[in-house]
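> As given, the protein sequences belong to chains H, E and Y, one line each in that order.
Residue numbering for the first sequence follows the numbering used here, starting at 40 and increasing by one per position.
Residue numbering for the second sequence follows the numbering used here, starting at 7 and increasing by one per position.
Residue numbering for the third sequence follows the numbering used here, starting at 4 and increasing by one per position.
In short, the hints are calculated from the structure, not lab data.
Keep in mind the model is a prediction, meaning the values are calculated, not measured.
Misleading hints may appear alongside valid ones.
Label-pair restraints from in silico Cβ distances [said to hold, decoys possible]:
1) E:37 x H:112: 31 to 39 angstroms
2) Y:88 x H:214: 39 to 47 angstroms
3) Y:293 x H:60: 46 to 54 angstroms
4) H:47 x Y:288: 36 to 44 angstroms
5) E:43 x H:194: 52 to 60 angstroms
From the three backbone atoms N, C-alpha and C, an ideal C-beta is built for every residue, glycine too.
The residues making up each chain are set out below.
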Amino acid sequence: MEFLNSAVFLIFAAMIIFSSVFAVFAHKIEYSVLSAVVCFLSVGALFLTLSADFIGASQIMIYGVGVSILLAFAIMFTGKDSPKSLYLTNPLRVFLGFVLVLTFLSVLIFFISPVLDPKSDGAFSSYGSFAAQIESIRQIGTAKFIGRRIFCDYVLPFELLSLLLLAGIVGVGYLAGGSKKDV
Amino acid sequence: MEFAADIKNLMMPEIILFVGALLLCFIGILTDKAYKRVFSIVVLMLGLSFLMCLQLDTDTVSMAFGGSFLISKFTVFFKELILAGTISTIFLSDKYIKQNQKSVAEFYMLLFVAALGGMILVSSRDFITMFVALETLSISSYILSGFIKEKNSQEATLKYLVTGCVASAVILYGVSLLYGMSGSLRFDVIFAAIKSASMFNIAALSGTLVISGLCFKLATIPFYNWAPDVYEKSPLAVSAFLSTVSKVAGFGIIIRLVSELFNGIWILYLVLGLIALVSMAIGNLLGLCEENVKRLMAYSSIAHAGYILAVLALGSTLSLSSAVFYIITYLLMNFAAWSCLEVLDNGDGVTTESLKGLAYKRPVLAFCMVSAFASLAGLPIFVGFFSKFYLFQAIVFAGFLLYPFLCFVLLNSLIALYYYFKVIRAMFDEQESEQTVFWSKRLAVVLVFSTVMVLLTGIFSSPVITYSQQIAQSQMPAVIQYEAIKGTYFDNPRPISVR
Amino acid sequence: MIKALIAKLFSYFSLPHILVGFVWVVFKFAVIAAIMVVVVLMLVLMERRVLAVLTIRKGPNRVGPNGLLQTIADAIKLLFKEDIVPTGADRVLFTLAPVLFFAPVLVVYGLIPFAEGRAGIDSSCSLLLLLAVSSVGILGLVSAGWASNNKYSMLGSMRSVAQGISYELPLVIAALGVVLLSGSMSLNEIVLAQKNILDWYILPSGIGFFIFLTCTLAELNRCPFDLPEAESELVGGYNTEYSGMKFALFFLAEYALLFAYSAVIATLFFGGYTSPFGVYAMGFIPYLKKIVFVEQFFWLMLKTFVIVYLIMWIRATLPRLRADQLMSFSWKFLLPLSFLNLILLALLKYYLG
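Model the full assembly from the supplied sequences, consistent with the hints where possible.
Below is the structure:
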């Protein structure tokens, strides 16, 4: 099962990368949206392969369904006259983008690689052995653990989030609702 | 029950704002026209919150919510600044409120939420609280900036929103690296992990990401390009809010991150210095050919944020106290300038063209304007001079290696003189142009208060300096640590081996 | 048992042992897919006969003994039909849409526990996962409507999306009431918490059942919420342009989902695979004790088919709603009601243990 799990993990990881690249390079905006959805769903699947069922299910529910349906709605309402591709027509921009990505990638590798070295003293040592890591990840994924964390350790951001959502609702209501003068 | 008592004692200012925001939401649902009464409620609430901040015991550091909320002299001071700025914004918004009497309660509610977000941001002690508070501040700012329902304004808001989303993503990327490496989101735990393990590199990288993401709040490099459009097209009170309160909150958290979490990561000081230099250069150069005064204020605020970051990059007690002093004075000068503009704004913005002859027609207003802009430019007898002076002093004391740095900052303030004086000169132009002005008592209160403060603190600046030194001292234990490290860095410009 | 058999077969043919897990998963899903196809064939016939009875007609009774082979004949007809793609359609999305609609249904079947511990996917959050995955299918409808390049399809899919979003919320919150009562999000544990008829969650959470059933009807686009495919207004809704196998996939997925949702209702509110009397008849017989899961499967099927019958009955009885009535019913009535239900259940749990 270990082998199967890691194979599935790799497949979904590759899907995330390909679908997000395709989302950027697709010629039609509908394809972009669809591949973004594939990306969201694959992220959910990644969580599931790591036995973080609750997070995976939430990811699928919020991004795979909620966000993607909003995106699809927006596309359907804008119709077919949407501009084809905005940025990728300019070769200079594409080139600069690639340079930027490669630079960031090399910086990332340069900075992270010493920590990933298994002989290094730090970083991952706080998690203990591999088996212990797996176990701790299993615990982190459960709804009980997440609930504890939210309602004990992070109750302040949780409460603040409620106000944030209220402000968001009020704001959207204001921005979307036409004033009488406009109508 | 101890938990509840703790929260009641320590979080009263936030609780008042929270209740106030809910109350305003209900008022907004129930009625659309009671804007006069709403105003008094709002000011009362904010004043009460401010008083609660003042009575907090700040001699000892205390925490609430299991250590995710920090009350220290430093954080409480920043909260007071945020509340003072919000009160001024509310006085300043009088004109906007009078002209569009709809959705007044919603406007105030969003201001409350933004202020609350800023206050919690400043005193957050773990990354989740920090991020949620940051988003609370940001999202309410997005909505506030789009409060004028007009195409250009909406476009500016969209720009603001998209830039903000990118900035948030950058912050989260940095945080996720830190979390992956240390297994915790708490500042103290991560700090310990950075010290103990081979995490110097990762801390430098993620610190760079987090801080450049937070630069969105300061409108500096790399996320500065929203500022001119948004400042121009939002309601003026909102622009004032964005250029003061939102920035103060951003500075508060950046100072705390640099001194408490990324303490001793020398790369980060280089990054801060770089951000500072590039943003002051960009702000000043772009400001040179700008005619619209609101946009000019945006460029000026980019440059000012650059100055403050430049002095923070030195990482000594002296520099911290000069930064704090600069932030206080920046708040005063900006409110003086914005309130003058609000008086003059007739709906299509204020340009240097429309200011012509103001000095002869309305000498008092022109005087206020001159004092504000001269102070922003850093001329003597106004408070801006002392803050600049103090800033240069901090750089000079940091050592002769930094003299090129000092020259660059000096050069920048010279460039800035040009565009501030362009505004001042226009007011003394013989040729007169039509001006409609708007006066109200509430607006006059801010204008007079901030102008008097600009003049007064310019003449008697020493108590404020002493106060800001105290504030800087209270972040001291951390500061001492990074002074020692700075020494090693300048003696031996190679990475400090942590492994 | 079967897994061991597969392992034995693998070692007999000296195939890499690593693949056993893979084959096992494939096997499980093959069984589930088989169940699904059989169930759909039964359901289509059942629907036609039930509607016929309720509207005092005869229904299909020519093909095979008493009309039993009617659906098989229909399926064969659909298989051999020409596969038409309209000229203006987006070929890729048009082909992908039925698959997108169909694939999540299979996962939903995998999550339902058909007998004790016998679900295709063993998960501690299977209820949440089920609700999440089942609504992914809406994307298939969206892309079908968009790709067909037909305004009726478009309107149909737009309606289905609006409906899906609005009814998803009360549905989840009603399910949350059950989670609150049982203290678990695993469907298996929810079932085990209601072992006889007195423990069924329909008793404390009757409102929840009503909400869940209503929202299920809306999610399935069934009468009285069948606006997305209202024949009299939109020709056929999102599947107007579809024919042949692709149409069959939509058809199949709809009926499969009908059964799956009914099974979920049975699981959440009627004790799932457990016997209503608290004991299994097969449990008393020594040799049959080992295969008590057959009886559990029987109970689940019985309960599910009762609910399916209920849904068909509703279809035969109630007229279609108007679009605005549909929306206000969800947002102004069902959503507050579901919150009320949740609060009541929380109070119940707190005061009565």
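> Looking only at beta-carbon atoms, does the pair residue 43 of chain E, residue 194 of chain H fall within the given range of 52 to 60 angstroms?
This hint is violated: roughly 34 angstroms between Cβ atoms.
> So the hint says 31 to 39 angstroms: do the beta-carbon atoms of residue 37 of chain E and residue 112 of chain H match that?
For residue 112 of chain H against residue 37 of chain E, whose Cβ atoms are near 33 angstroms apart, the range 31 to 39 angstroms holds.
> Range first: 36 to 44 angstroms. Now tell me if the beta carbons of residue 47 of chain H and residue 288 of chain Y are that far apart.
holds (41 angstroms)
> State, for the Cβ atoms of residue 88 of chain Y and residue 214 of chain H, whether the hinted interval 39 to 47 angstroms holds or is violated.
About 41 angstroms separates the Cβ atoms of residue 88 of chain Y and residue 214 of chain H, which means 39 to 47 angstroms holds.
> Is 46 to 54 angstroms a correct range for the gap between the Cβ atoms of residue 293 of chain Y and residue 60 of chain H?
52 angstroms Cβ-Cβ, so the 46 to 54 angstroms window holds.
Of the numbered hints stated above, the single one contradicted by the structure is hint 5.
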